[in-house]
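On the provided structure of chain A, position chains B, C and D as indicated by the hints.
4 protein chains.
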Amino acid sequence: MKQLLFIILLCAGAYITKAATVDTIAAHSDVMHKDIACVVIKPSSYDGKKDVPVVYLLHGYSGNQRDWITEVPAIKQYADQDSIIIVCPDGNYNSWYFDAPMDSTVRYETFVSKELVNYMDAHYKTIKDRAGRGITGLSMGGHGAFYLAFKHQDIFGVAGSMSGGVDIRPYPLKWEISKLLGSYKEHPENWEANADINLVHLLTPNSLAIIFDCGTDDFFYKVNVALHEKLLYYGIPHDFIVRPGAHTWDYWSNSISFQLLYMKHYFDTARK
Amino acid sequence: MKQLLFIILLCAGAYITKAATVDTIAAHSDVMHKDIACVVIKPSSYDGKKDVPVVYLLHGYSGNQRDWITEVPAIKQYADQDSIIIVCPDGNYNSWYFDAPMDSTVRYETFVSKELVNYMDAHYKTIKDRAGRGITGLSMGGHGAFYLAFKHQDIFGVAGSMSGGVDIRPYPLKWEISKLLGSYKEHPENWEANADINLVHLLTPNSLAIIFDCGTDDFFYKVNVALHEKLLYYGIPHDFIVRPGAHTWDYWSNSISFQLLYMKHYFDTARK
Amino acid sequence: MKQLLFIILLCAGAYITKAATVDTIAAHSDVMHKDIACVVIKPSSYDGKKDVPVVYLLHGYSGNQRDWITEVPAIKQYADQDSIIIVCPDGNYNSWYFDAPMDSTVRYETFVSKELVNYMDAHYKTIKDRAGRGITGLSMGGHGAFYLAFKHQDIFGVAGSMSGGVDIRPYPLKWEISKLLGSYKEHPENWEANADINLVHLLTPNSLAIIFDCGTDDFFYKVNVALHEKLLYYGIPHDFIVRPGAHTWDYWSNSISFQLLYMKHYFDTARK
Amino acid sequence: MKQLLFIILLCAGAYITKAATVDTIAAHSDVMHKDIACVVIKPSSYDGKKDVPVVYLLHGYSGNQRDWITEVPAIKQYADQDSIIIVCPDGNYNSWYFDAPMDSTVRYETFVSKELVNYMDAHYKTIKDRAGRGITGLSMGGHGAFYLAFKHQDIFGVAGSMSGGVDIRPYPLKWEISKLLGSYKEHPENWEANADINLVHLLTPNSLAIIFDCGTDDFFYKVNVALHEKLLYYGIPHDFIVRPGAHTWDYWSNSISFQLLYMKHYFDTARK
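Line order of the protein sequences matches chains A, B, C and D.
Each residue of the first sequence is one higher than the one before, counting from 165 in our numbering.
Each residue of the second sequence is one higher than the one before, counting from 165 in our numbering.
Each residue of the third sequence is one higher than the one before, counting from 165 in our numbering.
Each residue of the fourth sequence is one higher than the one before, counting from 165 in our numbering.
Okay, chain A solo, but in the shape it has when bound (with noise of 0.2 Å):
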């Protein structure tokens, strides 16, 4: 009987416990000679035997790695879905996830693409591997996700961008940009170089998985245009998804869902 007990509390605790894990983390950088917050969410499948693949999810300016989970809580039963492991740094408010040329505090592309990947690699049972990573975000973290995927294609394997500042040269004066490239005016070569509609050159046909989105009442609506119609121009595959919606945690919660969608599927394909 108590067997009998036992067996039905295991089946019981196979729906109880179909739940999404979050851990915040803190990774250290060598490079910043800090520790950087990272909310991680293992999937209910999460068993340590067998390799996941992981999304990082960049949050947008002035956000942090906390952003994503109060605001969507649903990401949890996306990553127990599509059974992946979902990764959100802090991106230090305003980094822009870069290197920054004026700033030499600011080291976050570093950060991102390789201190955090090595310490999901080294704590989680990853899939080590640029067919096993995805990165995204929002805004800044849009930007941020194509711009660290077009640099390090080694790394990551599909990429994708929300309401992203695919260009950041029509905002010279905004968001803290130029405390990172110097201003636009001074330091043209900075804002040029950084610009991940500058970056395609790098890109190749499926090189990279590329997906991205905006929305029509986005501020950020015609660089993300631009960078389709430069995608396309080039032959460099991608989905572009044009929306209704504005800058919004209501239009982001809803993209999030279709970013991870083809993320699943590559996933899926990548490594047959």
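Some clues are possibly wrong.
Any copy will do: because identical chains look the same in the list, a pair fits if it lies in one copy or spans two.
Unchecked claim - No farther apart than 27 Å at their CA atoms in a straight line, the calculated lysine-lysine pairs in the DSS-like style are these:
no., residue 1, residue 2
1, 338, 315
2, 394, 349
3, 394, 338
4, 289, 198
5, 428, 240
6, 278, 349
Simulated from the structure, these hints should not be mistaken for lab results.
Relative to the frame of chain A, chains B, C and D by itself:
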């Protein structure tokens, strides 16, 4: 001990039976005096108690009701995952889902939008309401889904199109359309009146939830871009996805998962 | 010695007489009860034995049958070089080559496409067949050439337009068009039905060989670009040339040589 | 009587000999230390007395100096008709007519624009002046013609391109361009500096007579439309022709006759 086994079987059963059911039904059309074969996919969660949303999924030119289930068996999982019924009617090879002005034996607009909907509502535990009805399809079926939904917004709440022939006028000699509408040269008014792109005046902002997509290598790419631009011009909110790909089942087997995700979001929020 | 001289003269003559002949004829119009002056240019190779292609060459608003021969005398050389007959009918200053719904005395559609064609076939050794008939013109005559050729593809095999008024709707108050069609305000249906750009449904791919051009500084530039884009959208093959230049004889004296080269290629291949 | 026969033969001869002469010459390149084969077509009117214009006609990728004369024998008639010399140099299969920064053995810019021009002026009775020199070509040769003419406007007065690769950047992995310029990923500066579309700043209005064309089904269609739009934006007068057709000799055998007609008009007026 018997009980133990029983419980184990029960628990196991919860997993084993988790599979959609596929019926082939014959729905009678009064207006065409014939039975029409349809494939109906019920989700595993279907219990005859809870009202379930229905997605009407149309095939392309030269196809039949079995195309989708044969070419994309994964739609059974999608029906399960989203707890929706999917119905694939036979579209008579080349009906274009018209009540054809030049061929009174072709009345597929009436069949799909009235007779089949009534059949489904009578024989299944459906949400008997536009908030629980979606319609989508590929190519000729993409045309059909928009054609029926734009004209019958009282019936359908959400509409999709994949690689749809959303403007038929550039193809006056193709796919037997002229047998249904008369030649474009002699009956331009029929072509003008029955092209999806010319029915945009029937829409008002958010009167219908709309998603459509097309591959950049598809011969229908230009008409889809044209519809997207017209909808933008008219301020009609819609999701539009441009992807790599052509007029192939590879394309549609990917596309359908995004279309159903969109419809699931619609069904989840439409009745609130 | 006489013979010698005779032969020398003959040989010389072969060169001397190598010049097109210009006739002015009066072709009767039954429907308008009047004779209409036309300039006919016969190539030097014309011998009354071999069937020759004919190009109908229309003048612009405020012009007459002598415009082309006066302003571009080189068309005689082109007739020679290509062994074609060129006919320039009088278009009554401002007929727009219509059978005008608002002025029954204006029936230039019938005159040019039927009566004049019959006259030419009766009085000259022509190719009596669409494969040997081209039509082009400038401005009002570019409109006219497309208008007549789109509607009478049984008569004309190749059509051109130079700086043509290929959409008249943007010019409701100009060039006395409203005397022919009624005002655009009160009779929009006449304007819609008689604008070249609205006759594209009469074309199917390669049903008519089409060439047109316009100068970038021409006030008709935008309507020509619009027609080009509509033809691309409808998949109707055509040659379209954008050039520097405005609404001037400098422009047309250059343009006509390219139009005739195109027509020569058509005549050379159409009857094979 | 003998005289009579002689005169008859002379007269007849005037017709019989009316045919262009085709030489194959070997022009030495000092910079590449080798002889380079070129086909030279002299018009029948060439008499060594009158200065004659020269059109340099370039082949495409994987071709050689015999491509044009073999595939389009009618260019002999065109040379006759227009009284021009046509020269077809060997472009070394894949030189792209560059002085290649990554391969010092490839110096075809210098060869065509300096050494071959000097050879032609030394060995033939040419107009030794930009007003008597044109250059055009197909595909790689269209790129080459614009590349050389934009950079050497002191040498060439008129330039054409047929289906030209007028922007190479979208094709970083194709046609061995990366052997000449380095990979686009590592040497984007070479690609930027050597794409025709990026040399527009070398032009001023009417500094060079320009004609180019492309088929709507050509893979180079989009780059040609892009160059057309850039030239319009910069106010550089040019003739641009869009036609039906793809990357085929059918297309080019038609195109070349329009290109040469344009060049003839240029030669007729440039020296006045």
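Where does the structure disagree with the numbered hints, that is, which hint numbers, in rising order? Nothing - there is no hint that the structure violates, so all of them hold.
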